[in-house]
Amino acid sequence: MTFFQDLQKVLRQNVREYGMYIALFVIMAIFTVLTDGLFLSPRNISNLINQMGYIAVLAVGMTLVIVIRHIDLSVGFLAGFLGAIAAILMVQQGLPAVAVVPLVLVLGVIAGLITAFLIVYFGIPAFVATLAGWLIYRGLLLQATMGTGTIIIPNADFNAIGNGFIPDIPGLDFIPGHALTLLLGIVAIVFFVLGQINDRKRKKTYGFEVLPGAIFALKLVFISAIVGLVAWVMASYNGISWTAVIVLLVVGVYHFITTRTVLGRHIYAVGGNPEAADLSGVSVKKITYVVFASMGFLTALSGILFTSRLQSATTTAGTLFELDAIAAAYVGGVSAAGGVGSIIGSLIGALVMASLSNGMNLMGIDISIQYIARGAVLALAVIFDAANRRRGA
Amino acid sequence: MGSGRTELALSLFGNSIGYQVKGDLYLNGQKQQFKQPEDAIEAGLAYVTEDRKAKGLILIQDVKQNITLANLPEIARRGVVDNEAEIRVANEYRTSLNIKTPSIEQKVRNLSGGNQQKVSLGKWLFVKPNVLILDEPTRGIDVGAKFEIYTLMNGLVEQGMSIIMISSELPEVLGMSDRVYVVASGRITGELPIEEATQEKIMQLATS
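Protein sequences appear in the order of chains F and R.
Note that my numbering numbers the first sequence so that position 110 is 93, with each residue one more than the last.
Note that my numbering numbers the second sequence so that position 164 is 194, with each residue one more than the last.
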């Protein structure tokens, strides 16, 4: 009995955080049932992750942009434009992928700095500055692909980023499926469990509130099971894709920066109260430059992932990416009021939105209904947030 | 209001954007120029704002994050915050300032005015300033907390800290000060050693 009382209390206190996981779980379960298991098939999960990759990295960057009370509408067509640049450099200039990728990432950072310059130096609202960017990058994308139309990329290295899988360890044929993927899954679970146990112990020594033992165990089992399941499903297909590796790396690095570093603290301080942050010696200008530079970097990465996935640069690449990324961030719990929002949350948000599209596609639901359903989920998530805040949670 | 005291304090603190400011700033006989609050903090200044909700605290963050915000490098190694050190620092100020909160992980929004003011003070004491500027430090807080803040101020001065207190409450000014400057319409209209300061004289300078 006390276990369920505890569970109720914990769920009520962290309704937003756990609600998201539960929502994702429910959505996945529903689609699995409705598609007779097709949704959870290894091939589909692998596809789903590769489809969401380029939105997920945008959502990570957008989270920080929204946290500091700005918005970036230009990222979609900037991603498309930078993807086209990458294609042109490889196809027309004959540069190798290893040179093109870093070059495009640098261009992304520069584009982000230009946006920040408009906002910081001229005081233009981010909405307007990046709307201008939206138009300009759309025009530049059309310019870049004008003579050629769609540019097909014959570069195998580059195309592997969006379509390839990590190699397996040779000589482990007795393990069914992709051995390295299983191994990585196990390592991830072990690190997660040990980290959580350590964290809980540390918190206890300082007298902070921690989860009751049974619920803590339940949480560990639940998350370990999901990680294990995903690893197992992927291992029975081709293993982890390079896209998944890149997304996990980006999420890991950004999660660390936002939760553990001085820079992360400064970003959330600027978002929470810009004036107080400024008077505390945190340069709001500097943080704005850093956040938009990071957004530009991730936009370039998104463009590379998308272009590589299609193995070509198209004239409409990046259309609506910015809105998908913004929606993912809001579903993930970011607040427009600033200072609130987590990287993991936005990743889950991106997963929720991608699962909806993917699941409805599998079921053959018309695109018109898909838009309505995704809009409803976005509205629900934000209504849920607003109600939560009023309650003071 | 409108006398220009807060504007003066902010311009000392490197935040004069938007104000018409002329003049030189000397600290320990050395001329200083602060382009931003960061420089002023570096030089040993601290400014506790009168408007703690709008300009002082990050209400949606917890007590410990607020206390360490202005001096994070002190508890960080190569840019990574040392959580244990942060907890130690926050608990230190919680005890020494008698901040009443269920936990240092409590959101500052949920504290009373007096305790919010103490968090704000704790944050600025943690930068270990030589000169502490307190802008209306007792506005909107209860008598008990007021007394605690006065006691704290006296203790800090004994330890060698210089305090500039901005206040419109004359009893407070006369009770706490060693020297009184009167500011009216953006100018310093008079300087009084505490022996000569009376309510009448101050009012005269303030309205002249």
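These are computed hints drawn from the structure, not numbers from a lab.
Built from N, CA and C at the ideal position, the CB exists for glycine as well.
There's no promise every hint is true.
To be verified - List of simulated lysine to aspartate or glutamate pairs, EDC-like, C-alpha gap at most 20 Å:
1) Lys187/F with Glu122/R
2) Lys187/F with Glu116/R
3) Lys130/R with Glu258/F
4) Lys158/R with Glu116/R
5) Lys158/R with Asp172/R
6) Lys187/F with Glu199/R
7) Lys184/F with Asp112/R
8) Lys187/F with Asp92/R
9) Lys130/R with Glu72/R
10) Lys186/F with Asp69/R
11) Lys186/F with Glu202/R
12) Lys158/R with Glu202/R
13) Lys269/F with Asp112/R
14) Lys83/R with Asp172/R
15) Lys(-8)/F with Glu135/R
16) Lys137/R with Glu166/R
17) Lys268/F with Glu258/F
18) Lys269/F with Asp69/R
Claimed, not checked - Now the in silico label distances, taken between C-beta atoms and shown as ranges:
19) Ile119/F with Gly174/R: 56 to 62 Å
20) Leu212/F with Asn128/R: 16 to 22 Å
21) Lys137/R with Leu232/F: 55 to 61 Å
22) Ala320/F with Arg169/R: 45 to 51 Å
23) Asn184/R with Ser266/F: 47 to 53 Å
24) Thr188/F with Ser215/R: 41 to 47 Å
25) Ile206/F with Ala84/R: 56 to 62 Å
26) Glu199/R with Glu258/F: 21 to 27 Å
27) Ala84/R with Thr242/F: 25 to 31 Å
28) Met233/R with Thr188/F: 52 to 58 Å
29) Ala370/F with Glu199/R: 17 to 23 Å
30) Lys(-8)/F with Met233/R: 30 to 36 Å
31) Glu122/R with Ile355/F: 32 to 38 Å
32) Thr15/F with Ser133/R: 27 to 33 Å
Taking the hints in turn, this is what the structure says about them:
Only pairs whose Cα atoms come within 20 Å are accepted, and Lys187/F paired with Glu122/R is accepted, the gap being roughly 18 Å. Pair hint Lys187/F plus Glu116/R holds up; C-alpha atoms about 16 Å apart against a cutoff of 20 Å. Of the supplied pair hints, the one linking Lys130/R and Glu258/F is violated, its CA atoms being roughly 26 Å apart against a limit of 20 Å. The suggested pairing of Lys158/R with Glu116/R holds, with an alpha-carbon distance near 15 Å, which does not exceed 20 Å.
Note on Lys158/R and Asp172/R: the hinted pairing is violated, with a Cα-Cα distance of about 26 Å set against a maximum of 20 Å. Distance restraint check for Lys187/F and Glu199/R: the Cα-Cα separation of roughly 45 Å exceeds the 20 Å cut-off, and the hinted pair is therefore not satisfied. For the given pair, Lys184/F sits about 16 Å from Asp112/R by alpha-carbon distance, which is consistent with the 20 Å threshold. Taking the CA atoms of Lys187/F and Asp92/R, the gap is near 18 Å; set against the 20 Å cutoff, the hint holds.
With a CA separation close to 30 Å, the supplied pair Lys130/R and Glu72/R exceeds the 20 Å bound. For the proposed pair Lys186/F and Asp69/R, the alpha carbon gap of about 35 Å is over 20 Å, so the pair is violated. With a C-alpha separation of about 42 Å, the suggested pairing of Lys186/F with Glu202/R is violated against the 20 Å cut-off. Between Lys158/R and Glu202/R the alpha-carbon distance is near 25 Å, which puts this suggested pair outside the 20 Å criterion.
As the CA atoms of Lys269/F and Asp112/R are separated by approximately 23 Å, the hinted pair breaks the 20 Å bound. Annotation: proposed proximity of Lys83/R to Asp172/R holds, straight-line Cα distance about 16 Å (limit 20 Å). As the CA atoms of Lys(-8)/F and Glu135/R are separated by approximately 18 Å, the hinted pair is consistent with the 20 Å bound. The suggested pairing of Lys137/R with Glu166/R is violated, with an alpha-carbon distance near 23 Å, which exceeds 20 Å.
A distance of roughly 12 Å separates the Cα atoms of Lys268/F and Glu258/F; the hinted pair therefore holds under the 20 Å criterion. Of the pairs offered as hints, the one joining Lys269/F and Asp69/R holds, with about 14 Å between alpha carbons and a cut-off of 20 Å not exceeded. One distance hint, 56 to 62 Å for the beta-carbon pair Ile119/F and Gly174/R, holds here, with the actual separation near 60 Å. The beta-carbon spacing between Leu212/F and Asn128/R, approximately 51 Å, falls outside the hinted interval of 16 to 22 Å.
Restraint check, Lys137/R to Leu232/F: a C-beta distance of roughly 32 Å breaks the suggested window 55 to 61 Å. The hint said 45 to 51 Å for the Cβ distance between Ala320/F and Arg169/R, and at roughly 26 Å that hint is violated. Taking the beta carbon of each, Asn184/R and Ser266/F are about 34 Å apart, not inside 47 to 53 Å as hinted. The hint said 41 to 47 Å for the Cβ distance between Thr188/F and Ser215/R, and at roughly 56 Å that hint is violated.
Taking the beta carbon of each, Ile206/F and Ala84/R are about 40 Å apart, not inside 56 to 62 Å as hinted. In this structure the hint that Glu199/R and Glu258/F lie 21 to 27 Å apart at CB holds, the actual value being about 25 Å. Range check, Ala84/R to Thr242/F: about 27 Å between beta-carbon atoms, so the 25 to 31 Å window is met. Between Met233/R and Thr188/F the C-beta distance comes to about 56 Å, which sits within the given range of 52 to 58 Å.
Checked against the hint of 17 to 23 Å, the C-beta distance between Ala370/F and Glu199/R comes to roughly 42 Å, which is inconsistent with it. Separation of Lys(-8)/F from Met233/R is about 58 Å and departs from the stated range, judged on CB atoms against 30 to 36 Å. Under the hint 32 to 38 Å, the C-beta atoms of Glu122/R and Ile355/F, about 55 Å apart, miss the expected range. The given range of 27 to 33 Å is broken by Thr15/F and Ser133/R, whose C-beta atoms sit roughly 41 Å from each other.
Hint violations for this structure: numbers 3, 5, 6, 9, 10, 11, 12, 13, 16, 20, 21, 22, 23, 24, 25, 29, 30, 31 and 32, all remaining hints satisfied.
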